[in-house]
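The task is simple: from the sequences and hints, build the whole structure.
Chains as they are written, first to last, in the working numbering: chain A, 1 to 216; chain B, 1 to 216; chain P, 1 to 252; chain Y, 1 to 252.
Keep in mind that a hint or two might mislead.
Unchecked claim - Quick list of in silico lysine-lysine cross-link-like pairs, DSS-like style, CA-CA up to 25 angstroms:
id: 1; chain 1: Y; residue 1: K134; chain 2: P; residue 2: K134
id: 2; chain 1: P; residue 1: K73; chain 2: P; residue 2: K134
id: 3; chain 1: Y; residue 1: K73; chain 2: B; residue 2: K73
id: 4; chain 1: Y; residue 1: K134; chain 2: Y; residue 2: K73
id: 5; chain 1: A; residue 1: K73; chain 2: P; residue 2: K73
Everything labelled a hint here was simulated from the structure, so no lab data went into it.
Given the structure is predicted, the values throughout are model-derived calculations rather than measurements.
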Amino acid sequence: MSTRIRREELAARIAADIPDGSYVNLGIGAPTLVANHLPADLEIVLHTENGLLGMGPAPHATEVDPDLINAGKQAVSELPGAAYFHHADSFGMMRGGHLDVCVLGAFQVSERGDLANWSTGAPGAIPAVGGAMDLAIGAKSVYVMTDLLTRSGTPKLVRACTYPLTGVRCVTRVYTDHAVFDIAPTGFVVREAFGDNTVDSLSALTGLTLSSAERG
Amino acid sequence: MSTRIRREELAARIAADIPDGSYVNLGIGAPTLVANHLPADLEIVLHTENGLLGMGPAPHATEVDPDLINAGKQAVSELPGAAYFHHADSFGMMRGGHLDVCVLGAFQVSERGDLANWSTGAPGAIPAVGGAMDLAIGAKSVYVMTDLLTRSGTPKLVRACTYPLTGVRCVTRVYTDHAVFDIAPTGFVVREAFGDNTVDSLSALTGLTLSSAERG
Amino acid sequence: MIDKIFRDAAAAVADIVDGTTVLIGGFGRAGQPVELIDALIAHGARDLTIVNNNAGNGDTGLAALLATGRVRKVVCSFPRQHDSWVFDELYRSGRIELELVPQGNLAERIRAAGAGIGAFYSPTGVGTLLAEGKESRIIDGREYVLEYPIAADYALIGALRADRWGNLVYRKTARNFGPVMAAAAATTIVQVDEVVPLGGLDPEAVVTPGIFVDRIVVTGPRPWLRDGAFVGGVDLEGTPLDPAPAATGVAS
Amino acid sequence: MIDKIFRDAAAAVADIVDGTTVLIGGFGRAGQPVELIDALIAHGARDLTIVNNNAGNGDTGLAALLATGRVRKVVCSFPRQHDSWVFDELYRSGRIELELVPQGNLAERIRAAGAGIGAFYSPTGVGTLLAEGKESRIIDGREYVLEYPIAADYALIGALRADRWGNLVYRKTARNFGPVMAAAAATTIVQVDEVVPLGGLDPEAVVTPGIFVDRIVVTGPRPWLRDGAFVGGVDLEGTPLDPAPAATGVAS
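So this is what it looks like as C-alpha cells:
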C-alpha cells in the first residue's frame with residue numbers, strides 16, 4: 001500500500017515549484033490544472049503556443065471569444081501585459097529555449113528522460129502530435145505530471161519507453177501521485193515521496209532502481 | 001561616337017518600365033534617382049531593407065526624423081499604407097522573392113547575369129557588403145543601372161566578372177547610358193539602343209557578342 | 001493604383017485549379033477563413049493538398065471541404081480532435097493521405113517558404129517516428145533534423161482588417177498561421193471583417209504587410225464583434241447564445 | 001511580481017565580463033542604444049565581440065566603444081561608411097578583427113539563434129567570396145549556403161516604450177535588429193524612452209514580447225519627440241537644429 005495524492009494536490013505541488021516571474025506553458029489536459037494553484041500574489045506568465053503570452057483564466061460563458069483560445073481550443077482570457085504573435089514566432093519562442101517551465105502529461109517517461117506522450121502506437125489509431133514534440137524540447141525545465149501507474153497498474157516510469165517517443169532526454173522532473181522524481185545521469189532520483197511512499201516501495205512499484213535525493 | 005543619355009533620363013527610362021502596383025527596392029546611389037520619375041498617378045510601393053514598405057520622399061530639413069531612414073541612412077518619409085517590420089522579416093521578404101523589382105548599381109555584369117557591385121577587390125580596401133547580396137538574389141526582376149563604360153573607358157558589361165561577385169546569374173536586365181540589355185541564355189540581348197547606338201557599335205564598345213531583341 | 005479588394009469570395013478563388021496545394025489558416029476554428037473555404041467548395045477544385053494545423057472541426061469550414069472528397073492529402077499537426085469525424089472517417093477508409101508534422105516544424109517550414117530559406121535544422125522531433133527517414137546532424141553537440149519549406153500555390157487566411165494595399169491586422173489568437181501562410185503562397189487570399197481607408201492602419205502595428213496579400217474579400221463583422229469591439233454573447237463556435245438564457249437549476 | 005526596470009544603464013551592464021559577445025541593435029544611428037553603449041564603455045569590459053549591422057558612425061555610440069580598443073572582433077555587414085573613421089583606423093592597423101556577413105544572413109542568423117534553429121540554407125552569398133569555405137547544397141535546383149546561428153551573452157537594444165514585463169514597441173525604422181537580437185541573447189538589455197503601466201501597450205501591437213527582455217533602462221524622451229509624438233527640429237544625428245536657422249544664400 002502507498003499513499004497517493006489527488007490530482008489537484010499534485011497540481012498545487014507543481015505550482016509551488018514555479019518561481020515568481022517564470023514564463024510557463026501548461027500542456028493540454030491535467031497540466032492545465034496547475035494554473036488554478038499559481039499564487040495570486042505572484043506574476044507567472046502563461047504561454048499558449050497558438051500565440052499568446054499573458055494568458056488568463058477561462059471567461060464567463062457570456063464572455064467567450066472565439067478568437068481567444070488556448071492550445072486545447074478552450075476559451076481563455078488575456079491579462080494586462082499580454083502579447084500576441086504568430087505561430088512561427090510562438091514556436092521559435094519554445095524551440096529557442098525561452099520558456100522557463102513547461103508541464104506535460106505522459107504515457108511513459110524513461111530513466112534517461114525520454115518522453116512518450118503523443119501516441120500509443122495502437123494500430124488504426126489516427127496519429128496526432130500537435131505541439132507535443134516542440135514542448136518536449138522547448139523549455140529550460142520540462143516537468144511531467146502523471147499518475148505513477150496506469151489504471152491497470154503498469155508503471156509509467158520505465159527503463160526505456162515502449163511507446164513512440166515525443167522527445168529524447170528532455171524531461172527534467174516527473175511529478176506523480178506517489179512521488180516527485182528528478183532525472184539524473186544515474187536515472188530516476190526520488191526528490192520527494194508522498195505519504196508513506198519510500199524509495200524502496202517506489203522501486204517495488206516500478207521495478208526500477210531508484211536513488212534518493214538525500215543520498216544523491 | 002555614340003549617344004549617351006543622362007543619368008536622370010536613364011532613371012526615367014527605368015521608372016517607365018515599372019508597372020503600377022509593383023513592390024520595388026531601389027539600391028543605394030544612382031538607383032534612388034528612379035524614385036523621382038515614378039508617375040504620380042501610379043502606386044508603386046517602395047521597400048527599404050532596413051524595415052519599411054511604403055517609403056516616401058526625403059522630408060524637409062526641419063522634418064528630418066532620425067528614426068526614419070532608408071538603407072543609405074538618409075532621411076525619408078512614410079506614405080499612407082506603410083508598414084514597418086524588423087530586419088529578419090525584411091530580408092525574408094527579399095530572399096523569399098516577394099519584391100517585383102530591385103534596381104542596383106554595378107561594377108560589372110557578366111553575360112550570364114552575374115553581378116559584381118560590392119567590392120573591387122582592391123588590396124587594403126575595407127570590405128563592406130550590406131544588403132547587396134540579398135538584393136541581388138531577392139527580387140523577381142533584378143535591374144542594373146550603370147554606365148556602360150567606366151570613366152577610363154573599360155566596359156562594365158563583360159564575358160565574366162573579374163571583380164568579386166555579388167550574385168550568380170541574378171541580373172534580369174541592364175540599363176546603361178548607351179542601351180538597355182536583357183540577359184538571355186545566349187548572353188546580352190540589346191533591348192533598346194539609345195540615339196545612334198547600334199548592336200554593332202555596342203559590340204565594338206564592349207567587345208561582346210550581342211544579339212538584338214528584334215532578331216531574338 | 002493598388003486595389004486588391006475582390007467583389008466576393010467566389011471571384012477570389014475562381015482560378016484555383018485541380019491538384020493545387022492550398023495553405024488554409026486557422027487553429028481549430030480561430031482564424032479559419034470559412035467563407036473562402038465555402039467558396040472553394042462551391043468552385044469545385046479537386047485533388048487538393050491542404051495544409052492546416054488541424055483536419056477540420058464539426059461539419060463546417062475545412063471539415064466541409066474534406067467531406068466533398070476533393071482533398072487528396074492533408075498536411076497538419078493535429079488531425080484527431082473530438083469533432084474531427086469527417087477526417088477520421090476519410091482516413092480510416094483510406095480515402096485521404098496524411099502528412100503529420102509537429103506543429104512548430106509546420107509553422108517554421110511555412111515560414112521558411114515565405115522567407116526563401118532552402119531548408120533548416122530543427123531540434124523538434126529528433127529521435128522520434130516523425131523524424132524517420134529525415135537527414136539529421138549534430139550541431140554544437142545537439143542533434144537536429146533537416147526540414148524543408150512548405151510552399152503553396154494559394155493561401156486562404158482570415159484577418160480582422162485590411163486596407164486596399166492588403167496590409168493586415170488580426171485579432172487575438174486568430175492570428176496564428178495567417179502571417180506565415182500569407183508569405184508562403186504564390187497567391188494569398190484573405191477574408192476580413194472590414195476594409196479601412198489607406199492610412200487607416202497604424203504602420204507600426206501592421207502584422208502582415210500588403211506585399212504578401214493578393215486578394216481581399218470583405219465578409220463583414222462576426223457576431224461577437226460590434227464596430228470592431230468585443231461584445232460577446234456567442235459560444236466558441238461563434239453561434240449566438242440564446243438571447244434569454246434559461247435559468248439553471250430546479251426551476252425548469 | 002515582474003519588474004525588469006533597472007535604476008540606470010550602469011547597473012544594467014555591470015555584470016558584462018571580458019570576452020563577452022554582445023549584440024548591439026541599430027542600423028547606423030537609428031535604434032542604436034547609445035546610453036547603454038556609453039555605460040558599457042564606462043564599465044570597462046574588454047576583449048568583446050560586437051555584432052551590429054555597422055561598425056560605428058562618427059565618434060559616439062558604437063564608434064566610441066571601438067575607440068576604447070576593447071573590442072576584439074566586429075561581426076557586421078557594412079563597416080565602411082563615410083563616418084566610420086574609428087573602425088577604419090583600427091582595421092587598417094590590424095587591431096580589430098572583422099567577420100563580414102551579408103545583411104540578410106546576419107539578420108537571419110541572429111533570428112535562428114533566438115528561434116532554436118541549428119542552421120539554415122540561405123541563397124544569399126552563393127558563389128561569392130563570403131560563401132567560401134562554407135557548405136553548400138542544391139535544393140530543388142537552386143544552390144544554397146549553410147549558415148549558422150549567431151547567439152550572444154548579451155544584447156543591447158533600443159526601443160520606444162516598454163512595460164515592466166519588458167514588452168516592447170519600437171519607432172519606425174529604429175526597429176531594425178531589435179526584435180531578433182532581443183531573442184538571441186541570454187541577457188537582453190533595452191533602453192527605452194519611457195515605461196508605461198502594465199496593460200498600457202496594445203497586446204496586438206507588441207513587437208517584442210517581454211519573455212525576450214531581461215532589463216529595462218529608461219533614458220527619457222529624445223529631442224525630436226514630445227509626449228511620444230514627432231516634433232522634428234533635429235538633424236539625422238538627433239542634434240537640434242539651430243533654433244533660428246540662418247537664411248541661405250548671399251545674405252550671410
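Hints violated by the structure (numbers, ascending)
Hint check: nothing fails, all pass.
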